[in-house]
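**Q** As a plain string of letters, each chain reads:
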Amino acid sequence: MWAELAVTAGKLVAIAATILTSVAVMEWVERRGAAFIQDRLGPNRVGPLGLFQPIVDAVKLLFKEDVTPEAANKWLYYLAPMISVFVALVTFIVIPFGAGDDVTVLGVPLRGLVVAPDLNVGVLYLLALSSLGVFGIVLGGWSSNNKYSLLGGLRSSAQLISYELSMTLAVLGVLMATGSLRLTDVVAYQGAHLWNFMPQAIGCLVFVTAAFAETNRLPFDLPEAENELVAGYHVEYSSMKFAAFLMSEYMNMVTASALIVTLFFGGWTFPGMGAFTGWPLFLLSLASFAVKIAFFLWLFVWVRWSLPRFRYDQLMRLGWKGLLPLAVLNLVWVSVAMVMKWI
Amino acid sequence: MASIVFYLAAAVALVSGAVAVSHRNPVVNVLSLVITFFCVAVNYALLGAEFLAAAQILIYAGAILVLFLFVVMLLNAPEVKAAGDARPFQRAAGLLVACVLAAGLVLLVLAPRFPVPGVGAAGDAKTIGRLLVGPHLFAFELITVVLLTAMVGALVLVKRKH
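Sequence order for the protein chains is A and B. In this text, residue positions in the first sequence follow our numbering: the first is -16, and each later residue adds one. In this text, residue positions in the second sequence follow our numbering: the first is 302, and each later residue adds one.
A portion of the hints provided could be inaccurate.
As the list claims (entries may be wrong) - Computed list of lysine-lysine pairs in DSS-like fashion (alpha-carbon distance at most 30 Å, straight line): (1) A:Lys43 x A:Lys130; (2) B:Lys460 x A:Lys304; (3) A:Lys130 x A:Lys47; (4) A:Lys324 x B:Lys427; (5) A:Lys57 x A:Lys47; (6) A:Lys130 x A:Lys57.
Stated by the list, open to error - These stretches of chain B come out as covered by chain A in the derived footprint (C-beta under 8 Å, 3 or more residues): (7) 346 to 358; (8) 364 to 375.
The hints are simulated quantities; they were obtained by calculation from the structure and are not laboratory data. We treat Cβ as the ideally placed atom computed from N, Cα and C, and that holds for glycine.
Assemble the whole structure, with the sequences as input and the hints as a guide.
**A** In structure tokens form, the structure reads like this:
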């Protein structure tokens, strides 16, 4: 009982620490990556290669004056960034980070560092909580009492509802092939068969596109389109409340990448993993998962600095007339392929 | 442990439900409704119906109430003054419906066997799926027709303006 509690607490601390660290690293990657793509140097003064820049930025944000607009709805204004960070943090408890059925700490099996391994609706839990993230953005936009932030919040709610549909339909294809809602089973299935992105290329494409829209990243960052809305939903936020929104955006990127990898790119599995067992397998699987996530995080940065922003009507047309039919097509394909025993 | 969580969630659900109908700010109404749904989902999960809990949050809290919030903000609905302009027959009708619903609820709770079929085994999606396309197929299809009708109706309303 106590050993189990200790191991669960340890998992939570380890995961939260890793994610918060990766947020800091991502900020550095984003700025240096942008500079690299635009043929400049980027922040390279603080520490080796500018690696300590995120720490300096965090200190700056901490000591900035925290301005609350006079006409803001104070309660909701304070609540909004908290909702964003909360939702971004709690989605990680169902993601399998590695192998580890035969790895034990204090006599408790680690079970792939999943905090809630017995939750049999893993994927649904993830989709449900991430759909709550929109409340942070919408409330932040509304409670600031500023027309630009209100427009940003409204845009984001419309965008999130539209793209959630295609995202869920794309996930449905994976769940049909696996026959289970647990992410552990999804990974195990991909360990025994092809990784899902090969038989379900369309579903994968839809999911990745929708993930960009769900995380409000370019080319779909309409909620914070600078040249139309100043900064969108967080115009009126300053100091750590602004930083909270920024952090939750990066945490959502990490979640989205972890989900893309888990659902379509084999999770922690890697070729030739049959040769390992126990701790070596566990550590290698963690490394494999980390490398795959790092690739998709870089893809987020890469796309952001390569593609221009969509216009709002284009965004809606792509979501409803492009992605949704494609997601349904993927479902039809998976059903036919399953009946014909192709996959 | 489970009973503490139940009483806590039930109490929060009741309070936020009361706030949802009584507060003057429409945005606060919607938000307290979100909290109510969340607490109801917690109680579903306690009953072993994890699928229902996730669906409750995904569909009601995550999609439908976001739509509510969208409309409230878009119309920029003003804070409601105390509702003094209700007509007498509206009050009477409201009271009647409330009484009927309350009587039904009391009868249901007092019934010797709580009529919730499949609780305990219905936690996973497979059981629910089999129930939906098996014994409850007719009701399931009927609901899809109702939803389709609503969708066609919305399209007709929108197209008429153009």
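**Q** Can the restraint linking Lys57 (chain A) and Lys47 (chain A) be considered satisfied, given a maximum Cα separation of 30 Å?
**A** holds, 19 Å
**Q** Under 8 Å between beta-carbons, do enough residues of the stretch 346 to 358 of chain B, three at least, approach chain A for the coverage claim to hold?
**A** holds (count 6)
**Q** Taking only the CA atoms, is the gap from Lys324 (chain A) to Lys427 (chain B) under or equal to 30 Å?
**A** OK: Lys324 (chain A) and Lys427 (chain B) at ~21 Å, within 30 Å.
**Q** For the pair we were handed, Lys130 (chain A) and Lys57 (chain A), check the Cα-Cα distance against 30 Å.
**A** Distance of about 17 Å is within 30 Å: holds.
**Q** Going straight from one Cα to the other, do Lys460 (chain B) and Lys304 (chain A) come out at no more than 30 Å?
**A** Between Lys460 (chain B) and Lys304 (chain A) the Cα gap is close to 17 Å, so the pair holds against 30 Å.
**Q** Would the hint linking Lys43 (chain A) and Lys130 (chain A) be met if the CA-CA limit is 30 Å?
**A** holds, 28 Å
**Q** Would you say the stretch 364 to 375 of chain B counts as covered by chain A, given the rule of at least 3 residues with C-beta under 8 Å?
**A** holds (count 7)
**Q** Lys130 (chain A) and Lys47 (chain A): Cα distance at most 30 Å?
**A** holds, 24 Å
The structure is consistent with each of the numbered hints, conforming to all of them.
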